[in-house]
Amino acid sequence: MYQIVEKRPLSRNITLMQIEAPLIAKKAQPGQFVILRATKDGERIPLTISGTDTSRGTVCIIFQIVGATTRQLNTLEEGDCLADFAGPLGKPTEIEGLKKVCVVGGGVGCAIALPIAQKLHENGCEVHSIVGFRNKDLLILEDEFTACSDKYIIMTDDGSYGTKGVVTVPLKELIESGEQYDMVIAIGPLMMMKFVVETTRPFGVPTTVSMNPIMIDGTGMCGGCRLTVGGETKFACVDGPDFDGFKVDFDEAMKRTAMYRKFEKHAYESTCNLLNKEVQ
Amino acid sequence: MPNMTPNKTPMPSQDPKVRAHNFLEVSQGYTEEMAQEEAQRCLNCKHRPCVSGCPVHIQIPDFIAQVAAGDYAAAYDIISESSNLPAVCGRVCPQENQCEKLCVRGKKGEPVGIGRLERFVADYHNAQPVTGAQKPESNGHKVAVVGSGPSGLTCAGDLAKLGYEVTVFEALHLAGGVLVYGIPEFRLPKDIVQKEVDNLAALGVKIETNMVIGKVLSIDELMEDYGFEAVFIGSGAGLPRFMNIPGENLCGVYSANEFLTRTNLMKAYKHNALTPIMHAKKVAVVGGGNVAMDAARSALRIGAEKVFIMYRRSEEELPARREEVHHAKEEGVEFMMLTNPVEILGNDEDFVKAIKCEKMELGEPDASGRRRPVRVPDSAFTLDVDCVIMAIGTSPNPLIKSTTEGLETKPWGGIIADENGRTTREGVFAGGDAVTGAATVILAMGEGKTAAKAIDEYIKSKE
Numbered sequence: 001m002y003q004i005v006e007k008r009p010l011s012r013n014i015t016l017m018q019i020e021a022p023l024i025a026k027k028a029q030p031g032q033f034v035i036l037r038a039t040k041d042g043e044r045i046p047l048t049i050s051g052t053d054t055s056r057g058t059v060c061i062i063f064q065i066v067g068a069t070t071r072q073l074n075t076l077e078e079g080d081c082l083a084d085f086a087g088p089l090g091k092p093t094e095i096e097g098l099k100k101v102c103v104v105g106g107g108v109g110c111a112i113a114l115p116i117a118q119k120l121h122e123n124g125c126e127v128h129s130i131v132g133f134r135n136k137d138l139l140i141l142e143d144e145f146t147a148c149s150d151k152y153i154i155m156t157d158d159g160s161y162g163t164k165g166v167v168t169v170p171l172k173e174l175i176e177s178g179e180q181y182d183m184v185i186a187i188g189p190l191m192m193m194k195f196v197v198e199t200t201r202p203f204g205v206p207t208t209v210s211m212n213p214i215m216i217d218g219t220g221m222c223g224g225c226r227l228t229v230g231g232e233t234k235f236a237c238v239d240g241p242d243f244d245g246f247k248v249d250f251d252e253a254m255k256r257t258a259m260y261r262k263f264e265k266h267a268y269e270s271t272c273n274l275l276n277k278e279v280q
Numbered sequence: 001m002p003n004m005t006p007n008k009t010p011m012p013s014q015d016p017k018v019r020a021h022n023f024l025e026v027s028q029g030y031t032e033e034m035a036q037e038e039a040q041r042c043l044n045c046k047h048r049p050c051v052s053g054c055p056v057h058i059q060i061p062d063f064i065a066q067v068a069a070g071d072y073a074a075a076y077d078i079i080s081e082s083s084n085l086p087a088v089c090g091r092v093c094p095q096e097n098q099c100e101k102l103c104v105r106g107k108k109g110e111p112v113g114i115g116r117l118e119r120f121v122a123d124y125h126n127a128q129p130v131t132g133a134q135k136p137e138s139n140g141h142k143v144a145v146v147g148s149g150p151s152g153l154t155c156a157g158d159l160a161k162l163g164y165e166v167t168v169f170e171a172l173h174l175a176g177g178v179l180v181y182g183i184p185e186f187r188l189p190k191d192i193v194q195k196e197v198d199n200l201a202a203l204g205v206k207i208e209t210n211m212v213i214g215k216v217l218s219i220d221e222l223m224e225d226y227g228f229e230a231v232f233i234g235s236g237a238g239l240p241r242f243m244n245i246p247g248e249n250l251c252g253v254y255s256a257n258e259f260l261t262r263t264n265l266m267k268a269y270k271h272n273a274l275t276p277i278m279h280a281k282k283v284a285v286v287g288g289g290n291v292a293m294d295a296a297r298s299a300l301r302i303g304a305e306k307v308f309i310m311y312r313r314s315e316e317e318l319p320a321r322r323e324e325v326h327h328a329k330e331e332g333v334e335f336m337m338l339t340n341p342v343e344i345l346g347n348d349e350d351f352v353k354a355i356k357c358e359k360m361e362l363g364e365p366d367a368s369g370r371r372r373p374v375r376v377p378d379s380a381f382t383l384d385v386d387c388v389i390m391a392i393g394t395s396p397n398p399l400i401k402s403t404t405e406g407l408e409t410k411p412w413g414g415i416i417a418d419e420n421g422r423t424t425r426e427g428v429f430a431g432g433d434a435v436t437g438a439a440t441v442i443l444a445m446g447e448g449k450t451a452a453k454a455i456d457e458y459i460k461s462k463e
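Line by line, the protein sequences are chains A and B.
So the first sequence is residues 1 to 280, counted in this note's numbering.
So the second sequence is residues 1 to 463, counted in this note's numbering.
Watch out, some of these pointers could steer you wrong.
As the list claims (entries may be wrong) - Over the 12 Å line for every Cβ pair with chain A, so calculated as not near, a few chain B residues:
1. H21
2. Q134
3. I192
4. L203
5. E248
6. A256
7. E405
8. W412
To be verified - Simulated coverage check for chain B against chain A, where a stretch passes if three residues somewhere in it have a Cβ under 8 Å from a Cβ of chain A:
9. 171 to 177
10. 213 to 222
11. 271 to 277
12. 379 to 389
Since the hints were made in silico from the structure, they are not lab data.
Glycine included, every Cβ here is placed at the ideal spot set by N, Cα and C.
Isolated chain A (complex conformation) (with noise of 0.2 Å):
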C-alpha cells in the first residue's frame, strides 16, 4: 500500500513523489490535501495534493524539506511505502465560473498552486500566473504553469532568474493596469500570502488564500489547525483550507505555525546526527 512509484527532484530541496492511492487518487480535486506517515511511529503531517492520475491511480505531493519528517519522508525510494496515507482532505478550492484569475505562489506552494491554475485553465479560464523564489536554484515546475497560463511572471529574491523582487509588485502593476481579476488565489509563505491581501484589498479584488497550519488528524478532531478568520475561530482541516484572505488573521497564524519551533530543530537535527550515523 502506498507506494512510491516516482521519484524525483524538482530542486535542492524540494521533492516529487507519485504514491499509488487509488482511491484517493478518484476523489481529489485541487486545494485538498492529504495527511501522511513516512514510516510508522513517525509524525503526521500535511501534504496538498499537487495532482491525480486517475489512470495510474497515483497521487502527487510535491514537499520542501523543511522538518525532521520531511527529511525522513526524502529518504524514502521509489519501490518504498509509506507507513499511512489518508485523505483527500478539506475542501478544494472553488473556482467554478471563475472567467479570469491571478494564482500567486511562492516557493513550495507552487506546487499547491499548479492544480488550481492546470483546472481553471481546463475550465477555460483566464490564467495569470505569477511566482516567487529565492533565487534560480529553487524554481520549480516552470514547464508546467507556461502550459496552463495566460500570462506568467517569475520573480525571484535576488534577482538570479526572471524578475527581481517580491510578487506582490507585478500583482500590484497587472490589477493597476486595468485587469479585471474575479478572484486573486494566493498559496504560499505566510507572510507572502498576508502582503497579497495587503496588495488586493486596496482595490477589493476578492481573495483566497490557502492555510497550512500545524495538524494532528486532519478530520476536525483536534482543532490544533484553528484559525482566526473574520473574528470566529475555524478549523482549516475541515472549514479549509482555503479562506477569504481578507478576514485571515495572519499575524495570529504566524505564531500558532512557529509554537514548536525550538522542538522541530532540535528533531531535525537528531534526524542528521541519526542519518549521518547510518551513512557512516
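Fit chain B to the supplied structure of chain A, relying on the hints for placement.
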C-alpha cells in the same frame, strides 16, 4: 458464608509519587486471592439490582459466583455473553453510577468491587495461551462499520459472530478510536485495546485504517459500489468545544483531544517521538469529566510541576469517575472548584502566561437537575500558567452528515437514530457518541450491540 467485610478488597496500585512521573498502569489488578476474597462479598441476592444497573446487563452475580468458585473461564464466558470488551470496561466504566450504585452491600459500607472483578476475569483470560477464535462460516452478507471505537468494535464483533462479512473503516492510522487516542496508557494500556482488535481480526473482521469515510468514500458509495447491505456509523464525538473566551488561540492552549492525541496516539511523551508537545510547567485544565482528569494526569507525567483542574460547579457535581478524581488528587493535581475562566493572557510572543478566572456559587437547579453555577461579583483573579487545556466536551463530527444525503441530525450534530440504532436512511444505522454526544465506553458498546441485532434483523427481513 459471604465475606461481610464492609470495605472492598483494596486494589494494588503504583505509589502516587512514582506513578505521577510514568505512563505505566496505575491500578495493578487483583491477584487470584484478592479476587476470591472480593467475590465472596457478593450476597448473590435474588433481585439482582446490579444487573439492571449495567447498560449491557451482564449477569453479574453469576460471573462473580464463578470467580468465588475459582472457575475463571466460566466467569469469562458469562461476561462475554453480554460484553465484547471486558478488559476495557473493567477499567473505564463508571461503576459507581451503574452496577455498584445499586449493590445491596453498598447500603452498609462499600459495594462489591464489580468492576475490579470484571477486570480480573478479563485479564486472567487474556493471560492464557491464545486458543484462536474461530472464524464463523460466512452468511454471504457484507456490512460496513465506520469508526473503530467501542461502538464500532462491538457492532463488528457481534455481526462477525453471526457470520457477516464485516469491514471496519477507521480514519486514523490505528484502530481503537477514543480507546487509543483519548484514554491514556496509564489508565488503559494500549496492548489491551490491540488484543481486542486482534480478536476481531481472528473472527474475520477486516480493518481498514486511513479511511476517512465521507471523504475518500461516501456512505452511498459503500452501499452502491462496494456491496455493503448495511452501514453502522460509530464515528464518535470528535469535534472539540472551546469556551469562546479571549486568548483561546494563544500558543499553549490545547483542546483535550489535541493534548491527549499527541500524548497517547502519537506517543509525544516518549523521548524520541517526532510529534512535539509542550512541556509546560504550570497547567490549567478546564472541565471536570474523565477527559479533564486524563489530561491533567498526562500533563503531570510529561513534567508539569503544578496542574490545576478548574471546574465551574462543586466537587460533588464532578462528572468524572470517582476513582479518577481520587487518583488525580493522590498524584498532586490541585482542584479549583467553582472556578470559571474568563480570559487567557499571553506574553509578547503570544504564548500563554496566565489565566483569568471568576469564582462561582451554586444557585437553583437547572435543566440537568444540577445546581446552576452563578458568577460571584468582583471575584476575578489571575493565576500564572503556561498551558491551558480545554476539556469541556466534544460534539459529533459533521464529516459524514455533510456528505450523506437524507441522514438527519439534531441541531447540535447528533445523528438521529431510534432505540435500535436505525437512522433516517434505510440500511444505515448509528450508535455511540455520534448519536448521544460524548458519553461512556459502555453506553457506546451497548448501542453497538443493539444496532448489530437490528442490522441482522434488517438484512434477514430483505431475504
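Comparing the hints with the structure gives:
no., hint, result
1, H21, "20 Å, holds"
2, Q134, "28 Å, holds"
3, I192, "20 Å, holds"
4, L203, "23 Å, holds"
5, E248, "7 Å, violated"
6, A256, "10 Å, violated"
7, E405, "17 Å, holds"
8, W412, "15 Å, holds"
9, 171 to 177, "holds (count 3)"
10, 213 to 222, "holds (count 3)"
11, 271 to 277, "holds (count 5)"
12, 379 to 389, "violated (count 0)"
Comparing the model with each numbered hint stated earlier shows that hints 5, 6, 12 do not hold.
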